[in-house]
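J.: What follows is each chain in one-letter form.
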Amino acid sequence: EAGVVQSPRYKIIEKKQPVAFWCNPISGHNTLYWYRQNLGQGPELLIRYENEEAVDDSQLPKDRFSAERLKGVDSTLKIQPAELGDSAVYLCASSGPGQGSHGYTFGSGTRLTVV
Amino acid sequence: GQSLEQPSEVTAVEGAIVQINCTYQTSGFYGLSWYQQHDGGAPTFLSYNALDGLEETGRFSSFLSRSDSYGYLLLQELQMKDSASYFCAVSSGSSASKIIFGSGTRLSIRP
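Protein chains in written order, with the working numbering: chain A, 7 to 121; chain B, 913 to 1023.
No lab work stands behind these hints, which were simulated from the structure alone. Computed from a predicted model, the values in this text were never measured in an experiment. Don't be surprised by glycine CBs; every beta carbon is placed ideally from N, CA and C. It is possible that part of the hints are untrue.
FRET-style restraints, in silico, Cβ to Cβ [to be verified]:
(1) A:Asn44 to B:Leu986: 23 to 31 Å
(2) B:Glu926 to A:Lys68: 18 to 26 Å
(3) A:Lys22 to B:Met992: 39 to 47 Å
(4) A:Gly78 to B:Glu926: 41 to 49 Å
(5) B:Ser981 to A:Leu90: 35 to 43 Å
(6) B:Leu986 to A:Leu76: 20 to 28 Å
(7) B:Ser915 to A:Val61: 18 to 26 Å
(8) B:Arg978 to A:Val61: 22 to 30 Å
(9) B:Gln937 to A:Gln47: 15 to 23 Å
(10) B:Thr956 to A:Pro103: 17 to 25 Å
(11) A:Gly78 to B:Gly970: 31 to 39 Å
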């Protein structure tokens, strides 16, 4: 079984430019998460989807960040415009029905550097 | 709000035993999870405790005391490959599907 797939693996952009990250969760996993991880810190939840519905986006900076999950499968996270402080690793994770207690499966992440 | 506290760094000797503690404050607590993350890698799930007591999985064990809002991860027979960051995480929300992570403990193993 393929794991959670994210792309790109690395991205370097200049500040004020837009950037987008893509995530393909494990087949059948209805819950999808986007996390941001700064160096030396734990992952910080940005948004959680149950199927195609965003059920928790309280930590998403909505002035510049947006996300979508069309058809309840793949998801895209966008930043526009990017700021220097957005440099971090953006992690996507998924879990199946009732599997919240069994842990997430994370993708390898996208390491974003804003210069 | 929710918060978790764990030591930032721990050093141990190969072959020894190490315990990483975690205390938490949260509402709607369902359980405590542990994740391992090697440098440059993705967090990987290690264990989950919903009830008080010890859960054992090979060389790793995890403990939870709900009354004390406290848990720990115990690593036995340490190997060099266990050098990594370890995160505790609390589950809350419906179906325990919302997970908040601590800041992580960096475990260094020396020969």
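J.: Now, for every hint given, state plainly whether the structure supports it.
T.: For each hint, the structure was consulted:
The hinted window of 23 to 31 Å between Asn44 of chain A and Leu986 of chain B holds, with their beta carbons roughly 28 Å apart. The hinted range of 18 to 26 Å is not satisfied by Glu926 of chain B and Lys68 of chain A, whose Cβ atoms lie roughly 48 Å apart. Evaluation of the 39 to 47 Å hint for Lys22 of chain A and Met992 of chain B yields a pass: the beta carbon distance comes to about 44 Å. Distance hint check: the CB atoms of Gly78 of chain A and Glu926 of chain B are about 46 Å apart, consistent with the given range 41 to 49 Å.
At roughly 37 Å, the beta carbons of Ser981 of chain B and Leu90 of chain A sit within the given window of 35 to 43 Å. For Leu986 of chain B and Leu76 of chain A, the Cβ-Cβ distance of about 43 Å falls outside the hinted range of 20 to 28 Å, so the restraint is violated. Range check, Ser915 of chain B to Val61 of chain A: Cβ separation about 22 Å, and the 18 to 26 Å hint holds. With their beta carbons about 25 Å apart, Arg978 of chain B and Val61 of chain A fall inside the hinted range of 22 to 30 Å.
Separation of Gln937 of chain B from Gln47 of chain A is about 18 Å and conforms to the stated range, judged on CB atoms against 15 to 23 Å. Between Thr956 of chain B and Pro103 of chain A the C-beta distance comes to about 21 Å, which sits within the given range of 17 to 25 Å. Separation of Gly78 of chain A from Gly970 of chain B is about 35 Å and conforms to the stated range, judged on CB atoms against 31 to 39 Å.
Hints 2 and 6 from the earlier list are contradicted by this structure; the remaining hints agree with it.
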